[in-house]
Amino acid sequence: MSVLDMITTLPFWVAVLRVATPLIFGTLGVLMCERAGVLNLGIEGLMVVGAFSGWFAVFHGLPLWGGVLVAALVAGAFGALHAFFTVTLALSQHVAGLGLTLLTTALSYYAYRVAFPKVNTPPTIQPFAPMDWLPIPVLQQQTPLTLLALLLVPVIGYGLYRTPAGLALRMAGESPQAVESQGISVARVRTAAIVLGSALMGVAGAFLTLAAFNAFFFNMVNGRGWVCVALVVFAGWKPGKAMLGALLFGFFDALQLRLQQADTGGLPYQLYLMLPYVLSIVALIVASRRATAPQALMKPYIPGER
Amino acid sequence: MRLEARAHISTVDLLRASSGAVIAVLAVAAALVAAAGAPIAQTFGLMWAGAFGSVFALSETLTRAIPLMLTGLAATVAFKARLFNIGAEGQLYAGAIAAVAVGGGAIEAPAPLLFALMLAAAMLAGALLLLGPALMKLWWGVDEVVSTLLMNFIVLLGVGALLDGPMKDAAAMGWPQSVALLGDLELSKLIAQTRVHTGLLWSLGAAAALWALLRFTTLGFDIRALGANARAAAFAGVPVTRTMMLVALLSGGLAGLAGAIEVAGRTGYVTLDMSPGYGYTGIVIAMLAALHPLAVVGASVLVAGVLVGADSMSRSMGVPSYLADVVVASALLAVLTASMLTRYRLRFDRARKS
Amino acid sequence: MNAPVLRMQGITKRFGDLVANDDISLALHAGEVLALLGENGAGKSTLMSILFGHYVADAGQTEVFGRPLPPGDTRAALAAGVGMVHQHFTLADNLTVLDNVMLGTEGLGGLVTRRAQALARLQAVALRSGLTVPAHARVASLSVGERQRVEILKALYRGARVLVLDEPTAVLTPQESQSLFVTLRQLVAQGMAVIFISHKLDEVMAISQRVMVLRGGRVVAEAATASTSKAELARWMVGQSVAGLQREAARPRAGTAARLQVQGLDAAGGRVHLQQVSLDIHAGEILGIAGVSGNGQGLLAEALSGVAPRTAGTVTIDGEPLRASAQDVVQQGVARVPEDRQAIGVVGDLPIWENLCAEALRTPTLSRWGWVRRAQAQAYAQRVLAAFDVRGATLQRRTRALSGGNMQKLILGRVLQRADGQAPRVIIAHQPTWGLDIGAVNFVHGRLRAARDAGAAVLLISDDLDEIELLADRIAVMCHGRLSPSRIATEWTREQLGLAMAGETEAQPHAA
Numbered sequence: 000m001s002v003l004d005m006i007t008t009l010p011f012w013v014a015v016l017r018v019a020t021p022l023i024f025g026t027l028g029v030l031m032c033e034r035a036g037v038l039n040l041g042i043e044g045l046m047v048v049g050a051f052s053g054w055f056a057v058f059h060g061l062p063l064w065g066g067v068l069v070a071a072l073v074a075g076a077f078g079a080l081h082a083f084f085t086v087t088l089a090l091s092q093h094v095a096g097l098g099l100t101l102l103t104t105a106l107s108y109y110a111y112r113v114a115f116p117k118v119n120t121p122p123t124i125q126p127f128a129p130m131d132w133l134p135i136p137v138l139q140q141q142t143p144l145t146l147l148a149l150l151l152v153p154v155i156g157y158g159l160y161r162t163p164a165g166l167a168l169r170m171a172g173e174s175p176q177a178v179e180s181q182g183i184s185v186a187r188v189r190t191a192a193i194v195l196g197s198a199l200m201g202v203a204g205a206f207l208t209l210a211a212f213n214a215f216f217f218n219m220v221n222g223r224g225w226v227c228v229a230l231v232v233f234a235g236w237k238p239g240k241a242m243l244g245a246l247l248f249g250f251f252d253a254l255q256l257r258l259q260q261a262d263t264g265g266l267p268y269q270l271y272l273m274l275p276y277v278l279s280i281v282a283l284i285v286a287s288r289r290a291t292a293p294q295a296l297m298k299p300y301i302p303g304e305r
Numbered sequence: 000m001r002l003e004a005r006a007h008i009s010t011v012d013l014l015r016a017s018s019g020a021v022i023a024v025l026a027v028a029a030a031l032v033a034a035a036g037a038p039i040a041q042t043f044g045l046m047w048a049g050a051f052g053s054v055f056a057l058s059e060t061l062t063r064a065i066p067l068m069l070t071g072l073a074a075t076v077a078f079k080a081r082l083f084n085i086g087a088e089g090q091l092y093a094g095a096i097a098a099v100a101v102g103g104g105a106i107e108a109p110a111p112l113l114f115a116l117m118l119a120a121a122m123l124a125g126a127l128l129l130l131g132p133a134l135m136k137l138w139w140g141v142d143e144v145v146s147t148l149l150m151n152f153i154v155l156l157g158v159g160a161l162l163d164g165p166m167k168d169a170a171a172m173g174w175p176q177s178v179a180l181l182g183d184l185e186l187s188k189l190i191a192q193t194r195v196h197t198g199l200l201w202s203l204g205a206a207a208a209l210w211a212l213l214r215f216t217t218l219g220f221d222i223r224a225l226g227a228n229a230r231a232a233a234f235a236g237v238p239v240t241r242t243m244m245l246v247a248l249l250s251g252g253l254a255g256l257a258g259a260i261e262v263a264g265r266t267g268y269v270t271l272d273m274s275p276g277y278g279y280t281g282i283v284i285a286m287l288a289a290l291h292p293l294a295v296v297g298a299s300v301l302v303a304g305v306l307v308g309a310d311s312m313s314r315s316m317g318v319p320s321y322l323a324d325v326v327v328a329s330a331l332l333a334v335l336t337a338s339m340l341t342r343y344r345l346r347f348d349r350a351r352k353s
Numbered sequence: 000m001n002a003p004v005l006r007m008q009g010i011t012k013r014f015g016d017l018v019a020n021d022d023i024s025l026a027l028h029a030g031e032v033l034a035l036l037g038e039n040g041a042g043k044s045t046l047m048s049i050l051f052g053h054y055v056a057d058a059g060q061t062e063v064f065g066r067p068l069p070p071g072d073t074r075a076a077l078a079a080g081v082g083m084v085h086q087h088f089t090l091a092d093n094l095t096v097l098d099n100v101m102l103g104t105e106g107l108g109g110l111v112t113r114r115a116q117a118l119a120r121l122q123a124v125a126l127r128s129g130l131t132v133p134a135h136a137r138v139a140s141l142s143v144g145e146r147q148r149v150e151i152l153k154a155l156y157r158g159a160r161v162l163v164l165d166e167p168t169a170v171l172t173p174q175e176s177q178s179l180f181v182t183l184r185q186l187v188a189q190g191m192a193v194i195f196i197s198h199k200l201d202e203v204m205a206i207s208q209r210v211m212v213l214r215g216g217r218v219v220a221e222a223a224t225a226s227t228s229k230a231e232l233a234r235w236m237v238g239q240s241v242a243g244l245q246r247e248a249a250r251p252r253a254g255t256a257a258r259l260q261v262q263g264l265d266a267a268g269g270r271v272h273l274q275q276v277s278l279d280i281h282a283g284e285i286l287g288i289a290g291v292s293g294n295g296q297g298l299l300a301e302a303l304s305g306v307a308p309r310t311a312g313t314v315t316i317d318g319e320p321l322r323a324s325a326q327d328v329v330q331q332g333v334a335r336v337p338e339d340r341q342a343i344g345v346v347g348d349l350p351i352w353e354n355l356c357a358e359a360l361r362t363p364t365l366s367r368w369g370w371v372r373r374a375q376a377q378a379y380a381q382r383v384l385a386a387f388d389v390r391g392a393t394l395q396r397r398t399r400a401l402s403g404g405n406m407q408k409l410i411l412g413r414v415l416q417r418a419d420g421q422a423p424r425v426i427i428a429h430q431p432t433w434g435l436d437i438g439a440v441n442f443v444h445g446r447l448r449a450a451r452d453a454g455a456a457v458l459l460i461s462d463d464l465d466e467i468e469l470l471a472d473r474i475a476v477m478c479h480g481r482l483s484p485s486r487i488a489t490e491w492t493r494e495q496l497g498l499a500m501a502g503e504t505e506a507q508p509h510a511a
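Chains as they are written, first to last, in numbering that gives the first Met the number 0: chain R, 0 to 305; chain S, 0 to 353; chain B, 0 to 511.
Chain R with its partners taken away, still in its complex shape:
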């Protein structure tokens, strides 16, 4: 089966969208934080905590969308913690983010083991059903969360570019002095952006346990959070390009799987699995050379200091 044959089948593109969905949520989340000027390296852990808490809520009887909401709220709460560390206390954004990832991951695993001390096969739930009712073939086999992700892209684009709050957010990431000189609190704007962005990261995680799979596994996020951070740079911090980047990544991930299956004894499968990560680094290199990052990204702003 040639590569062309592989990519012109419907199941291929279904897979592309499925892989891309959590990346769209996650990248949009990172985008919101970084556009406001703050790096949020807690994403990997926030996806884990979103995956766990959403699934856990559903396991205990909440409807699926309730689970999604729980994931968003829990991740958002931890996002507020990150905002406290990086905005209020002006701690190193790198270290605070990594600390947050370690903390939320450990908390999730701990909670899971407390709840299920003796199981070996992870308990399952009934995940989102595919949207049979949609007339579009490639979306029919997707879950509503994918639709949500795709719809969120223009919504966030609108929010960022066409609302006063979005303008203030973008300004906070470019020139906090300009924001303060208009009497708007940079700290509040950044905190709000981080909380919202973190909620999106939580939803990305919830997708994994409530749609893509139906249980919570250890190591299930597997670096997707870091890929999102790379994708934001690749996307030039724009929502539309973020979606494209996620789809591109999904394309290569789905492709490597099919190439793997078609490879009858040549390369080790791990090399195929490597492809998405390698591509992320390549994307990072390509994008960093021409990148126009938000100018105030990673510069803590302490009001009153001129």
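Calculated directly from the structure, the hints in this document are not laboratory data.
Some hints could be false.
[As the list claims (entries may be wrong)] Derived pair list, reagent style DSSO-like, types lysine-lysine, alpha-carbon separation capped at 30 Å: (1) S:Lys167 - S:Lys136; (2) S:Lys136 - R:Lys237; (3) S:Lys167 - R:Lys298; (4) R:Lys298 - R:Lys240; (5) S:Lys136 - R:Lys240.
[Claimed, not checked] Some chain S residues well away from chain B (every beta-carbon gap over 12 Å; in silico): (6) Ile39; (7) Gln41; (8) Ser53.
Glycine residues also receive a C-beta, built at the ideal position from the N, C-alpha and C atoms.
Got chain R sorted already, so can you dock chains S and B onto it with the hints?
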């Protein structure tokens, strides 16, 4: 809420901050233990006993501390120059695989020479792995945090491929593990009937060497100056690029050494789960030690104690050993907060422009 | 006379020991341009910062359109109709002009941003004021002149009726400056009240109706522009020469070749580029470079210090070409005293002895095979601390704990009393007494003189004319990246210096 610089930093402030951090961490741990339905005091007691309560416990703690010391040192030297190496995990595995490649019987040489070659190969593997992201940062402005993180996944997959293929131990009945290290090359035990091995001496030696490097050499000065104030360092004549490259080699090398020492001292061969996140924990240790190489020794024993104690406690109390990871992560955040609050005060009003 | 739209009375502001504004009062009327004239540090920017709410004055009140203005409240100032165009723009480069103008004009809770209305309003404002800027262009793509127009439009968009411009032409080309004046005249004709802060006499004469001169935080003169002259303004601005009493007789040059020779030096900076700078300094001589900060002096110092790259021209020390890197330049005997001692001069977190040895650490005197010769290094550091009377210093103390004066003594000590025992051949001192108290200033001056007497060639860059007159044997003036020919210090009058600093290029020596 906002920050305001303190005029004087008194000892009282320092003590308040440190004790605040300790209390916060203990509170988090206690809450988690209670949530698991276990008695708090007894759980903490078992953790202590499991870590430091007997010679055996201590030996287990020290065994765990050995690789942590090295990854902690790797993070220390890198962060000191503001090169954020998050790739120690991958560099460790690369070092381990390189060690087995050299010492697994493929090369004929007298044991002492082979041992030296093995360590050198491991350090080289780790160093080269970090050199890539360092150059990417230098030439193209690629943030090294993300590139080193992604490299971890790539390296682990690569090691997996090697373990399935060319370096597979055919006699291991299907488990993906590498060929074993030659017996001569294994590190001997420090205390009989325990697992603690002479790798501890290598780690302590590395800590002392890094301390001496930073304190007594011109390179050490260059590293510290660069990390503290790059502009002033450049003005004073510090060779910025060269120093950064050397830091990358040192840091990667130390992480690679950690891999080799683990193989030579504890496992004897490479498996995919030989490091439960030592690379990442090393970063926490470096921050807890405030980037002082000698303090890294203490911090790694402490963190190792938490990890070992939790494992031991978990077997009898049923409280998940992930408690240790929560404690370690909380400690990092608490220490960062405390050190910030010794230098700044939190005020609950808008800035008054006076 | 109609009532003043802006009245500031008795404004006093202190920063520690420094009195930035000392009982300043001004009144501004609609339809007039008031020029605020003074050198760097005269207090102009502080006064305007108080008006705009960035600082709170220690004494005095402000009234806008007859109503008292609450101090320290930027929003109130904006609402009262005060608009300010800062010297350093507060614009987001990556966003569009319209975005920058609109920020803060709508409530944050709004779901829809009234972009079309905002655009229409912006275009109306632009039309009325004659300022055209492409509304959808990214600010990063605009020229400096266009960016300034955006800043002005920001103020006009918010209905400013008092407009303050802080050194607006500092960053503009002559053509852009002309454009700005046309705009200002148009605005003024429509009733705008303008405060025009500048040190450029030409422009002050051209655009203002009234002039107020500040010096040392005080109002030293106030006049109708029509009734004064550039020469008079220059005199008011720089004051009487106080250095005359303490200045030594100018030293005649030794007939030998120059120690430091710079020919046709070009270097690229951010705003200002060095253009064909030529100078020479003999051994045992101090060349003072006067000029308002920001005209390229910093770049000149950096280019000669091995920090900024030189794009054209030659620099030689005793005939040998000056090398490119900082380490090499130091080795060639150049002593560098940087402008910003805290950010560039020392690594604040490191101990004092290490900063003292920083430049010499990699030389055989203080290290061998990469190993620092600690005993020698610390002994050397101790000697320097004693010889240069650095107070509050122990070898191990964090350098950032030193006061400004002592930090400067540290820096002087390490470059004047080198570890290898050699005397420095060339000394580049950039604003060496900035921010120091009298005692420290005298100390620095004494050491520079002593170094000169011992045979060094000293390049002294300062925006303090008193200092230049006190120390320099010869003086040249820097303006817009170009250096005037140097003349013996006594041949310059204050007036000529003031004019040259303000950009008047026809400074002819004439009988005083």
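These are the hints, each one checked on the structure:
As the CA atoms of Lys167 (chain S) and Lys136 (chain S) are separated by approximately 35 Å, the hinted pair breaks the 30 Å bound. Only pairs whose Cα atoms come within 30 Å are accepted, and Lys136 (chain S) paired with Lys237 (chain R) is accepted, the gap being roughly 23 Å. Restraint check: the Cα-Cα separation between Lys167 (chain S) and Lys298 (chain R) comes to about 48 Å, which exceeds 30 Å; the hinted pair is violated. Distance check on the hinted pair: Lys298 (chain R) and Lys240 (chain R) sit about 25 Å apart at the alpha-carbon level, within 30 Å; holds.
About 23 Å separates the Cα atoms of Lys136 (chain S) and Lys240 (chain R), which keeps this hinted pair within 30 Å; it holds. The non-interface label for Ile39 (chain S) is consistent with chain B: the shortest C-beta to C-beta separation is roughly 41 Å, beyond 12 Å. Here Gln41 (chain S) stays apart from chain B, with its beta-carbon at least about 45 Å from theirs, past the 12 Å limit. Under the 12 Å C-beta cut-off, the non-interface status given to Ser53 (chain S) relative to chain B holds; the minimum distance is some 42 Å.
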